[in-house]
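Chains W and V supply the protein sequences, listed in that same order. Numbering follows my numbering, in which position 281 of the first sequence is assigned residue number 281; successive positions increment by one, without gaps. Numbering follows my numbering, in which position 106 of the second sequence is assigned residue number 106; successive positions increment by one, without gaps.
Any given hint could turn out to be false.
To be verified - BS3-like cross-link-like pairs, simulated, lysine-lysine; straight-line CA separation at most 30 Å: (1) W:Lys60 x V:Lys415; (2) V:Lys531 x V:Lys272; (3) V:Lys478 x V:Lys461; (4) V:Lys229 x V:Lys103; (5) V:Lys461 x V:Lys415; (6) W:Lys72 x V:Lys201; (7) V:Lys215 x W:Lys72; (8) V:Lys194 x W:Lys93; (9) V:Lys531 x V:Lys229; (10) V:Lys194 x W:Lys72; (11) V:Lys191 x W:Lys72; (12) V:Lys478 x V:Lys144; (13) V:Lys95 x V:Lys531; (14) W:Lys60 x V:Lys144; (15) V:Lys194 x V:Lys103; (16) V:Lys215 x W:Lys93; (17) V:Lys415 x V:Lys215; (18) V:Lys415 x V:Lys144; (19) V:Lys103 x V:Lys24; (20) V:Lys201 x W:Lys93; (21) V:Lys215 x V:Lys24; (22) V:Lys191 x V:Lys152; (23) V:Lys398 x V:Lys297; (24) W:Lys93 x V:Lys191; (25) V:Lys191 x V:Lys124; (26) V:Lys194 x V:Lys215; (27) W:Lys60 x V:Lys124; (28) V:Lys461 x V:Lys163; (29) V:Lys531 x V:Lys24; (30) V:Lys95 x V:Lys191; (31) V:Lys194 x W:Lys60.
Claimed, not checked - Listed next, with one range per pair, are the computed distances between beta-carbon atoms: (32) V:Pro126 x W:Gly265: 51 to 57 Å; (33) W:Arg55 x V:Thr161: 26 to 32 Å; (34) W:Glu231 x V:Trp410: 55 to 61 Å; (35) V:Pro126 x W:Pro46: 24 to 30 Å; (36) W:Leu309 x V:Ser510: 41 to 47 Å; (37) V:Ile489 x W:Lys60: 43 to 49 Å; (38) W:Trp147 x V:Thr66: 38 to 44 Å; (39) V:Glu281 x W:Met154: 20 to 26 Å; (40) V:Thr98 x W:Trp89: 30 to 36 Å.
Derived by calculation from the structure, the hints in this document are not laboratory data. Ideal placement from N, C-alpha and C gives every residue a C-beta, glycine not left out.
Next come the chains, spelled out residue by residue.
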Amino acid sequence: MLSFIARRLGLLIPTFFGITLLTFALIRMIPGDPVEVMMGERRVDPEMHAQAMERLGLNKPLYAQYLDYVGKLAHGDLGESLRTRTSVWGEFKSLFPATLELSIAALIFAGVFGLLAGVIAALKRGSLFDHGVMGISLAGYSMPIFWWGLILIMFFSVSLGWTPVSGRIDLLYDIEPRTGFMLIDTLLSDEPGSFVDALRHLILPSIVLGTIPLAVIARMTRSSMLEVLREDYVRTARAKGLSPARVVFVHGLRNALIPVLTVFGLQVGTLLAGAVLTETIFSWPGIGKWLIEAIGARDYPVVQNGILLIACLVILVNFVVDILYGLANPRIRHQR
Amino acid sequence: MKAHPLQAALAVALLSLSGGLLAKPLVVCTEASPEGFDIVQYTAATTADAVSETIFNRLVDFVPGTTDIQPGLASSWDISADGLTYTFHLREGVKFQTTDYFKPSREFNADDVLWSFERQLDPKHPWHEQTSLGYPYFEAMGFKDLIAGIDKVDAHTVTFTLKRAEAPFLRDMAMGFTSIYSAEYGDQLLKQGKQADLNSKPVGTGPFILSRYSKDAQVRYKANPDYYKGKPPADPLVFAITTDSNVRMQKIRANECQVAVYPKPDDIKALKADPNLHVEEMDALMTSFLGINTQHKYLSDIRVREAIALALDKQNFVRTLFGEGNATPGVGPYPTTLLGYNRALVDTPYDPARARELLKQAGVPEGTVLTVYTRNGGGATNPNPALGAQLLQADLAKVGLKLDIHVLEWGELLKRLKSGEHDLGFYGWAGDNGDPDNFLAPNLSCAAASNGENIARWCDKDFDALLAGARATTEPAKRAALYEQAQVIFQQQHPWIALAYPKLFTVVRSNVEGFHISPLTNNNFATTYVK
Chain W
1 MLSFIARRLG LLIPTFFGIT LLTFALIRMI PGDPVEVMMG ERRVDPEMHA QAMERLGLNK
61 PLYAQYLDYV GKLAHGDLGE SLRTRTSVWG EFKSLFPATL ELSIAALIFA GVFGLLAGVI
121 AALKRGSLFD HGVMGISLAG YSMPIFWWGL ILIMFFSVSL GWTPVSGRID LLYDIEPRTG
181 FMLIDTLLSD EPGSFVDALR HLILPSIVLG TIPLAVIARM TRSSMLEVLR EDYVRTARAK
241 GLSPARVVFV HGLRNALIPV LTVFGLQVGT LLAGAVLTET IFSWPGIGKW LIEAIGARDY
301 PVVQNGILLI ACLVILVNFV VDILYGLANP RIRHQR
Chain V
1 MKAHPLQAAL AVALLSLSGG LLAKPLVVCT EASPEGFDIV QYTAATTADA VSETIFNRLV
61 DFVPGTTDIQ PGLASSWDIS ADGLTYTFHL REGVKFQTTD YFKPSREFNA DDVLWSFERQ
121 LDPKHPWHEQ TSLGYPYFEA MGFKDLIAGI DKVDAHTVTF TLKRAEAPFL RDMAMGFTSI
181 YSAEYGDQLL KQGKQADLNS KPVGTGPFIL SRYSKDAQVR YKANPDYYKG KPPADPLVFA
241 ITTDSNVRMQ KIRANECQVA VYPKPDDIKA LKADPNLHVE EMDALMTSFL GINTQHKYLS
301 DIRVREAIAL ALDKQNFVRT LFGEGNATPG VGPYPTTLLG YNRALVDTPY DPARARELLK
361 QAGVPEGTVL TVYTRNGGGA TNPNPALGAQ LLQADLAKVG LKLDIHVLEW GELLKRLKSG
421 EHDLGFYGWA GDNGDPDNFL APNLSCAAAS NGENIARWCD KDFDALLAGA RATTEPAKRA
481 ALYEQAQVIF QQQHPWIALA YPKLFTVVRS NVEGFHISPL TNNNFATTYV K
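Only chain W is shown next, with the shape it has when bound in the complex (with noise of 0.2 Å):
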């Protein structure tokens, strides 16, 4: 096992290197640079330009560039924004939270309701209800994320006033981010009525982020549950008397839930993925925004540390999937 964890680490050293320079390389393909992108359509001034590149290190070759960004690496200098000048590490710091909440909320949503409906639809293979759920999680699949918040918005909020329309809280409580995760910093605090509100706020983005993921986790569950089913220790189970209830959730959910948790954690990409769309819609001020606007200033510090911590935050699921599956199958283990 030992062996096998160290062969996993070991990879990950050169897939490391090949993202800074994956991100240090595409970032400085796209035309502009920070200072010209700051100036807009007005005029640059060619000595005013130099300076600022040569004060923000932009003037050395590209390879002393690089170098100079893998040194500060080394030492877990991730440098600061160009624009704001406040440090990288400190900015992720304070959005990651917002994403990694929603996310979460968003896993939850998709587990609970994906296993329930695909559970359902696989003991009531071939009903309406079966058709009706497979319909359903094809279309949520195949969704638009950008037209299916604006729909829930529009329902949900404007029509019904049940939802509030975006943000993380109502903007009338002043929530002093201690932990940056709203949930947890409302119950610190001594509003009344905040946490609940927070929670308001969380609905319709767990519900647009995680669509995707309950749709790809109930078509999962179904045709796993549909395997298992036919097993013959399920009909052993059944021959033995036991309650239907029992034979279902603990002889066959946890045996179909295998290829399922494996489904889980790839959903972990799709999330930060949809996150960004999903930031946008419900201003949910998270790492995918950050990116994106960091992309368009030329933010090169941000855009390359940024990327790289999201890489190494899949990489680390990857790593620790991959470890526990090395535990749950020592097949995996053993293979070179």
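Using the hints provided, position chain V relative to the given structure of chain W.
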């Protein structure tokens, strides 16, 4: 109307009388985060709204809703006969904001004016290098080459000496980059080695004090009790950062904000029909135009440029792109409300037959391909860039020209247009200070043609001489006459097709009072409140 969950509680909590009004919160749905709070480093209008319009003041101000100048931190000023010396008499008794991080020991005086300008002007100033991107507006407005010196006459008198007479100078002095900082606070930060704080913990003399900023979520201010014009009626003022225009409009419908900026032209009709909302509108200081690269083959010929103008069905273009009544078809290079707009100018008619004739005379073969560059996302001067390009493509096809459309990301578009790769470029200009020179010099002068800022790359010596003449005189009638002549040349030469003068819209709840929409697109909430 939906009741606000905290409104009652907050009304009690925030009970404070100000000018006979009960202080109530005001939430404004804005479209982007400020780039930072050290306003001299930035150019975006959203940053100006969040910083220079709230936290800071300048020596002179624009009269709300106009481009006229009124006294600000300077209570009066004198201009020397040669137009080279401006003497500002500073207002006394103005206090800098008291915050958790700064307690001012003195009132505003001449040292603060010197600090604010010399920081940008003098490379030896200890704060000059404390910016990563330089001072973009100071540079772009040419202040570095304009100001010969700034002198403190006494604690409340400052003179600015210019290298040449510059009529737009006073209007420039009302722009965000001339905001007055506290020299005392600057010194404190320098001593503490906390220079970066100037960009996150600002101190000014303005109507609002920054209390919290959460990137992409909110900017929160409290009313400044020491504001020299009196404490503002809104308290707190909150900017709810809401990037998407559709969502901003849904939020104001749900009363989650009471003011929402920049609705899409398509939504105006429905917003006007909502009894809970009021749409404020005004002719913006903006021109949407199609720049024609006058240095490219065929396009250097005036006949070809005129043919393109004749081929475009401008009325249809403006109606389709902006929506009925949301923009006026353009004729001259700047909107009709500015000094010296030549009302005698008649727009080039839509006449494809004449266009064909001119193209034939100029020897342009049938099927000639021209490139047009446009941006990918919509903006105030071009709400739907791809559609605009397609409309032009269809019109040019009727006269035998093919159009190759390039839709580019904003930064890339700027780079390519400035380097002159394009044949045609959809572009726009929003006036900074209400002076005609601010439209003409950056976009149509010979100097701008050489640095690429003038995307038509058009240089006409007579036109340039008229601009220089108008800049050197401060007498409005004389200036107006010179600009009128310049516009005649512009129309004869067709370096652009002036497409439209867009209108500016801001949506407010019907119980909001004291909001003045500004043609300069900036938003000031010092007098705005919820009834």
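Practice item. For the pair supplied as a hint, Lys95 (chain V) and Lys191 (chain V), confirm whether the alpha-carbon distance does not exceed 30 Å. Key: Roughly 22 Å between the alpha carbons, so the hint for Lys95 (chain V) and Lys191 (chain V) holds.
Review point. Within 30 Å, alpha carbon to alpha carbon, are Lys531 (chain V) and Lys24 (chain V)?
Key: At roughly 8 Å apart (the allowed maximum being 30 Å), Lys24 (chain V) and Lys531 (chain V) satisfy the hint.
Exercise for review: Compare the distance between the alpha carbons of Lys191 (chain V) and Lys72 (chain W) with 30 Å, and conclude whether the hinted pair is satisfied.
Suggested key: holds (27 Å)
Exercise for review: Go ahead and decide if the range 55 to 61 Å is satisfied by the Cβ distance of Glu231 (chain W) to Trp410 (chain V).
Suggested key: Because 58 Å falls inside the window, the suggested range holds.
Practice item. Confirm or reject the claim that Arg55 (chain W) and Thr161 (chain V) have a C-beta distance inside 26 to 32 Å. Key: Since Arg55 (chain W) and Thr161 (chain V) have Cβ atoms about 29 Å apart, the given range 26 to 32 Å holds.
Check your understanding: Does the Cβ-Cβ separation between Pro126 (chain V) and Pro46 (chain W) fall within 24 to 30 Å?
Key -> holds (25 Å)
Review point. Trp147 (chain W) and Thr66 (chain V), beta-carbon distance inside 38 to 44 Å?
Key: Given a distance of about 41 Å, which is inside 38 to 44 Å, the answer is holds.
Review point. Within 20 to 26 Å or not, the Cβ separation of Glu281 (chain V) and Met154 (chain W)?
Key: Holds, since Glu281 (chain V) and Met154 (chain W) (Cβ atoms, about 24 Å apart) stay within the stated range.
Check your understanding: Taking 30 Å as the top limit, are the C-alpha atoms of Lys194 (chain V) and Lys93 (chain W) close enough?
Key -> holds (21 Å)
Point to revise | Holds or violated: Lys461 (chain V) to Lys163 (chain V), with C-alpha atoms at most 30 Å apart | key: Judged against 30 Å, a Cα distance of about 22 Å means the pair holds.
Check your understanding: For the pair supplied as a hint, Lys415 (chain V) and Lys144 (chain V), is the alpha-carbon distance within the 30 Å limit?
Key -> Satisfied, since the Cα-Cα distance of roughly 24 Å is no more than 30 Å.
Exercise for review: Sort out whether Lys272 (chain V) lies within 30 Å of Lys531 (chain V), counting only the CA atoms.
Suggested key: holds (20 Å)
Checked against the numbered hints above, the structure violates none of them.
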